[in-house]
Each structure stands twice: as structure tokens, then as C-alpha cells.
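Please model the entire structure based on the sequences and the hints provided.
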Amino acid sequence: MTETPQTDEHRYDFRAIEERWLPVWEERQPFRSGRENDARPTKYVLDMFPYPSGDLHMGHAEAYALGDVISRHWVQKGFNVLHPIGWDSFGLPAENAAIKRGVDPAGWTEDNIAQQLTSMKRYACSFDWDRVLMTHRPDYYRWNQWIFTRMFERGLAYRKHSNVNWCPKDQTVLANEQVVGGLCERCDTPVTKKKLNQWYFKVTEYADELLDGLETLRGSWPDKVIAMQRNWIGRSTGADVTFEIEGRDEPITIYTTRPDTLHGATFMVVAADSDLAAELATGADDATQAEFATYVEKVKGENEIDRLATDRPKTGVFLQRYGINPVNGERLPIWASDYVLADYGHGAIMAVPAHDQRDLDFARAMDLPVRVVLDCTDENGQAYGDPAETGIAAAGDGTLVNSGSLNGMAKAEAIAAITEELSAAGTGDAATNYRLRDWLISRQRYWGTPIPIVHCEACGEVPVPDDQLPVQLPAAEGLDLKPKGQSPLAAATDWVNTTCPSCGGAALRDTDTMDTFVDSSWYFLRYLDPAKTDGPFDVLDAKRWAPVDQYVGGVTHAILHLLYSRFFTKALRDMGMLDFDEPFSALLNQGMVQMDGSAMSKSRGNLVRLSEQLDEFGVDAVRLTMAFAGPPEDDIDWADVSPAGSAKFLARAWRLARDVESEPGVDPATGDQALRAITHRTLHDSQELVEGFKFNVVVARTMELVNATRKVIDSGAGASDPAVREAAEVVSILLSLFAPYVAEDMWAMLGHEDVALATYPAVDESLLVEETVTCIVQVMGKVRDRLEVAPGIGQDELRELALATDGAKRAIGDKGIRTVIVKAPRLVNIVTA
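Residue numbering for the sequence shown follows full-length UniProt numbering, beginning at 1 and increasing consecutively.
Everything labelled a hint here was simulated from the structure, so no lab data went into it. Any given hint could turn out to be false.
Under the rule of at most 20 angstroms between Cα atoms (straight-line distance), these lysine to aspartate or glutamate pairs were calculated in the DMTMM-like manner [unchecked claim]:
| no. | residue 1 | residue 2 |
| --- | --- | --- |
| 1 | 77 | 688 |
| 2 | 648 | 13 |
| 3 | 782 | 753 |
Cβ-Cβ distance ranges computed for the label pairs, FRET-style [stated by the list, open to error]:
| no. | residue 1 | residue 2 | range |
| --- | --- | --- | --- |
| 4 | 78 | 24 | 19 to 27 angstroms |
| 5 | 204 | 357 | 25 to 33 angstroms |
| 6 | 821 | 790 | 51 to 59 angstroms |
| 7 | 544 | 249 | 54 to 62 angstroms |
| 8 | 114 | 290 | 53 to 61 angstroms |
| 9 | 704 | 554 | 25 to 33 angstroms |
| 10 | 539 | 774 | 56 to 64 angstroms |
| 11 | 244 | 554 | 47 to 55 angstroms |
| 12 | 41 | 773 | 35 to 43 angstroms |
Because the structure is a prediction, the values reported are computed rather than measured. Every residue, glycine too, gets a C-beta built ideally from N, C-alpha and C.
This is the structure:
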């Protein structure tokens, strides 16, 4: 039992309360989850960890306030909750900031982490401070390298030459997902293409499982996120078809989802930036080769979204080569164009312009033939005109025409028939294709995990042995970290030059570092024991705690981070280290915190600093405002909310505990039964509301309970009423989800200790039975009367009672009644003529 704090009886002082409880929590560590012999069932609640770029901001304030509600709720439900925090501390933001300031990225990162750590503790989240991790430290990235090595041994990590996304400003490779609208997601620089030898993780090995596994997450992940992942993986079925190329020994293969339309192909297109296009162009005359070279340079500066746009003018170069259609022997001219992508299918297509809009636009631009092979109608049931004349492709399934043996067949029948014919002729076969590409993890930057491979002339690519891990970054001092197209590590010659672990001869270390999404793809497992030295995590710990029961974070990570985490989980499962398929059982995406309708920024002049809000209104008021603003997934406009109003409410709630006069343990059954009914209804409903993420409704219901309790206290002798104590204790327990400082202070004034560890009191079910409920009677949407009715009253009876009220009669007057809307038992709205 703690001593009741000596506070000003007439003034709520959030600063004094924060100063009082922060050191107490620092000493007690109430949310330490690693206690031995803890028999409580487990829950794992995880917030996406932050980048250490300056102090916490308003976005952090929202995300961590919401995740904390969930964590504290499950503690109060009697669970042993793991709720860790750490820092995603490698990557371009930290490195670029350090370069700009002329400092070591390690020192800059550590300073920012120290600042954020202090702010996080002040923000009073229920983190287990014994489990903090930082991805830039060798004791973490050693295990990035260990996992990479296991991937390499299984063929899931490999290196190849390919055209990659290149940011000219940051001078590094970007994965497809890191290119947003053709721009680098970090610096908004237009991205170009560059051919490099790079490291990849073979995510496509798990394409089917990644796609099919989404069904198990339906209902616990947002539908939008599932749809985004599904679209990114982009599985389609069709056929691979081989086309002989005049003057080339090897045929080329194209992938199509509509092999039934092969008779409608009138030309072929290869991706202008593909190796195949470059090879075919060498057979053209000098003028065409020059034209092609100029065109390729232009294409390198284009982004994939623009290249695939249907409304974009079509351009290309005829390569003076022909392919042979395997179903009818026709010669098809081969063009190079930007509307075909090198890494989709096989980088080449058969063009069926009558039935594909982009092909049709290209055909019309280049005056190429158009042949109709589908008799189909538009969405209004009208027959299409001649696409060559209308400029509108006849999209749809339809019936095959002008297609030899396929004539008269519907789509499904024709696809099966032509696929069988192709297979029998050895010119094609059924195939499945994916939009998903392997994960390019190489980065030509300093601040990341070194790739644990040495290159030996005799042995090739050799992984660094486990007992030599981690391969630590060399000191930044003396290295020029500015982006220059080659990793700064290449200049650390003493570090680069090494011996081959296999033969002992001279070798060179790989100078690329890993994409930072490697760090965040398995960090939830490292939290299980961040100090573990003989493995990345303990298999038994994973059985006890994982997968994560509730993940909280922004929808901006809906594709790459979540997809990569899912890939890592499945790969580690297949290594025998995990016994589950999905890393995050449930996902909550919070919205953004805006100001005046737009994202906060210095340039817009609408930046709201979290530290200033905390200093002015207090931690509890800011946290409560975040929860009360609306559903978690909605954006919050800080201009529309009131932390000052939250502070006033918290003061009102705090005074309840100050005014309670009954002793702890008093039997509430002898108290005010009406107040007890409100208390138990609030307690009962709030637990369900929290689990439905309706935090704003919980706050509203708590406010109602505070008001009801204040009325009883102010009624005379109410301060000594046992029901008042019961209500004040429930208010304290509910407020601890949102406003931990006020809740702890109230709990202490009520004679208790550690409100965060207090379990929810048992709900008295008998108090939930409502003998009557209040029905609002409206006329044209305005309240005109009230009725006390039975909760189970029927709609017809309630309608007649409402029409008979004096208030309704006066409002209706001599007007006729158009309709009566009855929502029994709470509302009747009468609409007049």
C-alpha cells in the first residue's frame, strides 16, 4: 500500500503528478514480462518500431497511445503481456542526416535514440524496458548475417546482373516497393535504371503461400491491406508460348493470360530496356540501332507506373526482326517499346490489338494491322465496332472467331483447347505468372548490415563462417560517406582485403550492405531475448510468445515490410525454427495526425511539436485526445480536437478520487444502485469496446460515468457512499488505459498500488438488466419528448406511444405524417408531410 500523495486539494497539477510517478515506474518496472514462474496466459502486443530521426513527433504519439491501450487492457484482463520497443536504426535517413551534419552516423543515431528513449518513458507506455533492441548494433545485425547465410545455403539468397531502380541522389539501388510514383521514397528524386550485379532474396519461392495465406488473415487484418498484398503478388494463370525468331537460333517465350487469342496477334513487342531488345537490335541497320540506343536512354528515366498507363501515347522502335506465330505461321514484326516491362513474364508479348487497349493504341500509332478474334459485347450488351476504326479495344470474353479450330468456343473452353494444342506441338504449355519479384537487398551505402560474403577468385562467393560473425562495419572515420555510386566500404581497404574462409587465399569482402527491411523482417523474434548470444532467438521462447497477437502501425508499410516479414517467417519455419506460418495474427493501422487538413511540415507552417503539446497540456491529455479523436484508422486533424478539453475532464475525474470518503474494501452493494448500474454497464461494455478498437467510445462512456459519479457526490452525503468509491475505482482502471499518470494518482488516493496491474473488477450481471430505457421522440429530427419504456418493447407499440405524447402532438399540429421511423427501444422519429 502506498502513502496517499499530498496534493493540492483544489488544483489538478499534471506536472506534479508526472514528476511524482515517473520515477516510481522507473523503479518498479511494472510491465517487465520476463518474470520466472509466471503462470498467466501470454499476449504479444507490438508497435512498429521507430526510426531514430530526432525526437518523437505527433505520429509517434498516436501510434504508441493506441498500442498502449491494447497492451494495458490485456494486462488488466489477467494476461502476461509482452510489449517491447526498440529502434530501426540503420538506413538512409540516419546516414544522410549524418553526412549533412558531418558527423558519424553511429554517434548521431545513438544521440537520437537517447532523446527518444527519454521521451518514450515520459509518455508512459507499457513497454518492457528489459527488451530494448537497436538494429545498428553488432549484437543485432550479427543475426541478420546469420539468417542471410542460412538463406544462401538454401538457395534463397543469390546474386545476379539485372536492371535495377537507381536513385541518382542517394546513389543506391531501390527495391520496386521503394519507388513511389517514379520517385525515390526517401528523397523524391526521379528514379532511373542501372544494370548492376546485386544480391536478392528469393521471395518468389513462396509466392503461392504468401498469396494463399492471406485468407487466414481475413477478418483480423484490414481488408485494404489484404487487397494491397494480393495485388502486389499478382498471380495469374495462362500459358507460356514459344515463338521462333527469324535469324535467331533460340526461340523466345512469351507469357499470356489469353492464349485463346493467339490468332489475333499481329505483331510482337519486347521491353526496350531488356537484354533481348538489345540483342535483336544488333541485327538492324545503323540508323535503327542509333534510334534504338536513343530510345533506351529515354526509357531508363521513366517509371513503371507511367509506362503501364493506358492513356499514355505509345512509342517504340521497329527492330527489323520477325517472329513466327506458332498457331498459323504468320510473320509478326517485332518492336521495342516502353509499355512492356523487362521483368514481367519474359519481357516480351504477343500483341492482340483488337482486344487489348494498349496494343490497339500502339497499332494505331504505328499503322499496324488489327484482327478481331472475339465476338463480344460491351458492358451495356452492345456489339463493339471495328476497333481499328473506333479506337476502342473489344475487351471481354466472348466467342472465338477467325481462330481456326477454336471458332465458336467460349473463353475457358478455348484456353484449354489451345493450351493442349500448344503442348502437343511442343510450342507452349500452361503457366502461372506473378507480379511479385525477388527482393533486391543490396545497397551501395555505408550505414547498414555488411553482407557476409567474401569473393575469392578460386572459390567464388564464400559465406563468412558463423564463428566469425558479426562482420562489423569499419569505423566511419576517414571514409567519405557521400553517395558516389559505389559503397563507401570499398574505400576501407584494410577491411575489404581478407582471406577466403574456404581456401585461405586472398579474397575481398562484399562491400554492399543490406536493405534495412531485412532488419525489420524478423525483429519481433529478437525481442524474445535481445541479449541472446547463441542464436537469433530461442525456439522455445517463440513457441511461448509468438506469433504477435496484435500488431499496430501505419498503413504505409502495408506491402513491403509486412510481405517481407511474412516471407522471413515462412523461411525460418522451413528451417525448423518456428511452428507458425504468419508473423502477425491481427493488425491495426492507425491514421495520420494532420493539421488544418494536410500533413504537418515546416514548409506548410502547420507543424505541431509533440514536446510543446506535452509541456502545455500534459502527457495524459495528449494521449486521451488521440484516443478520443475517432476510430484509430481515421486521420486526426489536430485543429479539430481539444487537448485543453481533455485536461479539464482529467481534472474532473481526478477530483472524484480526492473526494471519496469511504474506506477501501467497503461493500458497494449497500450504495446507490442507479450509480452502480451505470458503473457496471460501463465496465462491461468498455472491455468489449477496447477489443473492437472503439477507444473513443470507451473514453465517452468513462466521461459519462465521471459525470454520474459527480452528481451523486454533490447530492449531499454522497461522498461516503460505497457506490461512489466503486465508481471512482472503475474510472481509475479505465483511465489507466489512456491517462496513466492521472489513473495512478487516483488509485493511490483511493488507497491502492499499481493501477496498471489491477485486473478488471467482476461485473455484476444483475446490474446490467435495464428495467426501463429512455426513448427519444423526435419530430423532423428535433427532440420533442421522452418515454420510459421496457427494453423489449415492440416497434408497433412504441410507435403508438410516441405518437400519443404531448410533445409529438404539439409539433405535428395539423400537418400530416409522411412516415414514422422506429428504432426500438431508443428512438422514434416522426417525419411530417
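Hint check against the structure, violated hint numbers in rising order: 3 and 6
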